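> Given chain G, put chain C in place with the hints provided.
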Amino acid sequence: MVTHESGGGHGHHAPPSGFIRKWVFSVDHKVIGIQYLCLAIFSVFLGMALSFLMRLHLAWPTVKFFFFKGGVMTPEQYLALMTMHGTIMVFMVLTTAPQSGFGNYFLPIQIGAADMAFPVLNMLSFWTTFVSLCVMVSAFFVAGGAPIGGWTSYPTLSALGEIAGPGQGAGETLWIVGLAIFCGASLMGALNFITTLIDLRTKGMTLGRMPLTCWTWFVTAILALLAFGVLLAACILLLLDRLAGTSFFIPGGLVVTDQVITWHKGGSPLLWQHLFWFFGHPEVYIAILPGMGVASHLLSTFSRKPVFGYRAMVGAVCGIGFLGFCVWGHHMFVSGMSPYSAFAFSILTMTIGVPSAIKTFNWLGTIWGGRITFNCAMLFALGFVSLFVTGGLSGLFLAQPSLDLYLHDAYFVVAHFHLIMGVAAIFGMFGALYFWFPKMFGRFMHEGIGKVHFWLTFIGVYAIFMPMHFLGLAGNPRRYSEMTAGPFLVALQPLHAFISVAAFVTISAQLLFLFNFLWSLKAGKEAKEENPWHATTLEWSIPSPPPFDNFGGREPVVYHGPYEFSVPGAADDFIPQHLAPELVRKA
Amino acid sequence: MRRRKERGSTSVALALALFLVFMTVVTVYIIMAKIWWFPPAITDLGHEIDAQFTRTFIITGIVFVMAQIGLAYAVFRFRDRGQKATYFEGNNTMEIVWTLATVILFVGLGLYARNAWAQVHFIGASPGALPIEVTGQQFVWNFRYAGPDGKFGREKPELVSASTGNPVGLDPTDPASKDDIVSPVIAVPAGREVELILRSQDVTHSFYVRELRLKQDAVPGMEIHMHFTATVPGEYELACAELCGLGHYRMHTMLQVLSETDFEKWMKDQEAANQ
Numbered sequence: 001m002v003t004h005e006s007g008g009g010h011g012h013h014a015p016p017s018g019f020i021r022k023w024v025f026s027v028d029h030k031v032i033g034i035q036y037l038c039l040a041i042f043s044v045f046l047g048m049a050l051s052f053l054m055r056l057h058l059a060w061p062t063v064k065f066f067f068f069k070g071g072v073m074t075p076e077q078y079l080a081l082m083t084m085h086g087t088i089m090v091f092m093v094l095t096t097a098p099q100s101g102f103g104n105y106f107l108p109i110q111i112g113a114a115d116m117a118f119p120v121l122n123m124l125s126f127w128t129t130f131v132s133l134c135v136m137v138s139a140f141f142v143a144g145g146a147p148i149g150g151w152t153s154y155p156t157l158s159a160l161g162e163i164a165g166p167g168q169g170a171g172e173t174l175w176i177v178g179l180a181i182f183c184g185a186s187l188m189g190a191l192n193f194i195t196t197l198i199d200l201r202t203k204g205m206t207l208g209r210m211p212l213t214c215w216t217w218f219v220t221a222i223l224a225l226l227a228f229g230v231l232l233a234a235c236i237l238l239l240l241d242r243l244a245g246t247s248f249f250i251p252g253g254l255v256v257t258d259q260v261i262t263w264h265k266g267g268s269p270l271l272w273q274h275l276f277w278f279f280g281h282p283e284v285y286i287a288i289l290p291g292m293g294v295a296s297h298l299l300s301t302f303s304r305k306p307v308f309g310y311r312a313m314v315g316a317v318c319g320i321g322f323l324g325f326c327v328w329g330h331h332m333f334v335s336g337m338s339p340y341s342a343f344a345f346s347i348l349t350m351t352i353g354v355p356s357a358i359k360t361f362n363w364l365g366t367i368w369g370g371r372i373t374f375n376c377a378m379l380f381a382l383g384f385v386s387l388f389v390t391g392g393l394s395g396l397f398l399a400q401p402s403l404d405l406y407l408h409d410a411y412f413v414v415a416h417f418h419l420i421m422g423v424a425a426i427f428g429m430f431g432a433l434y435f436w437f438p439k440m441f442g443r444f445m446h447e448g449i450g451k452v453h454f455w456l457t458f459i460g461v462y463a464i465f466m467p468m469h470f471l472g473l474a475g476n477p478r479r480y481s482e483m484t485a486g487p488f489l490v491a492l493q494p495l496h497a498f499i500s501v502a503a504f505v506t507i508s509a510q511l512l513f514l515f516n517f518l519w520s521l522k523a524g525k526e527a528k529e530e531n532p533w534h535a536t537t538l539e540w541s542i543p544s545p546p547p548f549d550n551f552g553g554r555e556p557v558v559y560h561g562p563y564e565f566s567v568p569g570a571a572d573d574f575i576p577q578h579l580a581p582e583l584v585r586k587a
Numbered sequence: 588m589r590r591r592k593e594r595g596s597t598s599v600a601l602a603l604a605l606f607l608v609f610m611t612v613v614t615v616y617i618i619m620a621k622i623w624w625f626p627p628a629i630t631d632l633g634h635e636i637d638a639q640f641t642r643t644f645i646i647t648g649i650v651f652v653m654a655q656i657g658l659a660y661a662v663f664r665f666r667d668r669g670q671k672a673t674y675f676e677g678n679n680t681m682e683i684v685w686t687l688a689t690v691i692l693f694v695g696l697g698l699y700a701r702n703a704w705a706q707v708h709f710i711g712a713s714p715g716a717l718p719i720e721v722t723g724q725q726f727v728w729n730f731r732y733a734g735p736d737g738k739f740g741r742e743k744p745e746l747v748s749a750s751t752g753n754p755v756g757l758d759p760t761d762p763a764s765k766d767d768i769v770s771p772v773i774a775v776p777a778g779r780e781v782e783l784i785l786r787s788q789d790v791t792h793s794f795y796v797r798e799l800r801l802k803q804d805a806v807p808g809m810e811i812h813m814h815f816t817a818t819v820p821g822e823y824e825l826a827c828a829e830l831c832g833l834g835h836y837r838m839h840t841m842l843q844v845l846s847e848t849d850f851e852k853w854m855k856d857q858e859a860a861n862q
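Protein sequences appear in the order of chains G and C. Note that the first sequence ends on residue 587 in my numbering; no numbers are left out. Note that the second sequence ends on residue 862 in my numbering; no numbers are left out.
The shape of chain G in the complex, shown without the other chains:
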């Protein structure tokens, strides 16, 4: 194994002194991690604000509000909010916070490295992400507004330009360009993560001793490397269709609002769906895998028990990563794709439930027989398990094409993916933040406010998303700006109002979180110990916050597995990874 001195570009960069080099164009992976987290926190509040407006309109479609032009939201405004909500949440929150944020900060430390393998590339990838966010958000401010095609941006709606609808002109172009830039940023980040993990592990940090967080960041980076390249290609083709008159996705003979489209022929809208979902399904795992790693880590630490079936967990993560690339067709059961491939995709999708079930059993096995401490970090990890189970099981319905015929593009799908890739992943991140906050900032977050935040959020998300399953069973299609077209939709209106109220409470609770976060930075209880949680991994062997080069120039040596809690014969109920065997106190 290569030790971290021999990795390129290490051990020679001194701490920068100026504000710009230290906090803006920093190459320190910890600062970049915090920058990513700030970007994600900004984005998640923006995304929530958009969903607030959407829920307001869905619950009371005819009530006038002063902040809409003319008092009532128009259908195109609703769809623009919906598109931007999805895009911002998926890319700027669920892709950045778990991987680029926490991964950037803690992957190098957990494997005993002084920085990422390519610090300058790391900086570049953050600022590229920032540019991407700016370009996307600017779509709100151009003529026609933000695009209305949803985060999946299916052609031909997305390829024909303004004629297909407001927002499909300049707004859609900016959206695609922003997304393409984001692909570039993610590719840079993925390369960096993979190289760092392979090359910069410290002495004794074998693959079998890596914390599960590192395993999930590793597999996520591989997924990102293979998936974002395809999305980038798809975005470029779509841009060419729009700007250069090509016809990758547009067939001939189209008539849009009585106007014959004569300059396109020979393309296929299905091509986009294949490319998009070849990226889009792995993207789900890009969002959730790091959350799984964090949950495993926290459940073990706060149950004072080793992770149950560490090897099975690693195998399941790799299995999910691999199968994640074999199931994209389950998004296309009603698309007109060959029914035979639909059947194959269906069986593969049912198979991916298996490693997910293994993980769930192992999480229960991890806390079973433990001594559970209920701090905020642990509560969010336990909430993660519950939400992962609930969100995952509805996947078994959607994976069967004959059932998907009814549920596809209905609210059942909205419930499914929000629970599993949205809320569960966010719970993983909340757990991570409450857990690592003292390491990152030298102070604890306030436990009392944190508990209120947990309870309101946990109850809130179930109150929002459980009823959406019922809307789906009743056949309510998604992406409708109001439920007024037919009697059966009107009958579901009270359930929509209930969901909206639950959403407002849950969103308000996040302000509590924001307050806790900001207040704790300044005035939280100081974390005097290096290892306040009595955890085992390397980040807890260095000061809080860690010095510029993490380990002060020395190379840590790893002697133990990542989760040696309550080992029989040891005096303490945890054995840190870096503790030499002769220093472990006997009972």
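Incorrect hints may appear among the rest.
Stated by the list, open to error - Here are the simulated lysine-lysine pairs, DSS-like style, with alpha carbons at most 25 Å apart:
(1) G:K586 to C:K743
(2) G:K265 to C:K743
(3) G:K525 to G:K451
Stated by the list, open to error - If the Cβ cut is set under 10 Å, some of the chain G residues that face chain C in the computed set are:
(4) L157
(5) T360
(6) Q400
(7) L489
No lab work stands behind these hints: they were computed from the structure. Since the model is a prediction, treat every value here as computed from it, not as a measurement. From the three backbone atoms N, C-alpha and C, an ideal C-beta is built for every residue, glycine too.
Here is chain C on its own, set in the frame of chain G:
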């Protein structure tokens, strides 16, 4: 060893366990009481799909209850009361057992669902089926019947003009298109198989009738065939289920399932109006 007293651990553990039980019970109750539920199916296939829904509900329901209640139990039972955690790193036999169990359960369920899917898509419509061409455009549906000659006439994109009453672009120079009937609602005879030919003029739409338990995208540049035999006369809502632009939410019409005689009459009326 050092024992830290975690004050309040019992109340938090109890609260979490109770919430998980409460959430599980309410969810299972709402599903079993069918408070928000499918409308009754009107095809044999629909009943078969409903049976597969039931099987899937039973299996996922058991896993859901076991996992949530198991979590609630573990949270309460193993809360910090100053005990020492038991040390074990895993159990290979258990890993193998639950891996195999889930493989059999999940993949078996997927294979079981094959039959319903095969009826929709692997088998085409029978030769005697009534063909109806379905055309989606922003934001209306149009349905074309071949008329007395049994032949669909030619259509040309450049002739499409919703405002002048030719929404699908029928070519008047083709004798076969003279008797074609275009209607904004779809009527079908009960008990007779219908073959739909789905097309779209502009963007992707999706044909969705809840009572048929069917959904199929209408994709620009493609002709997609689907078939069904509705058995229960009545009026059913037909919605668009694929985002097609700002009017997506109001792209809505009715499916009328008529008795054979009523359908003959409906058809005659349409033909008369077409003269």
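> Check each numbered hint from earlier against the structure, then list the numbers of those it violates in ascending order.
Hint 1 is the one this structure does not satisfy, whereas the remaining hints hold.
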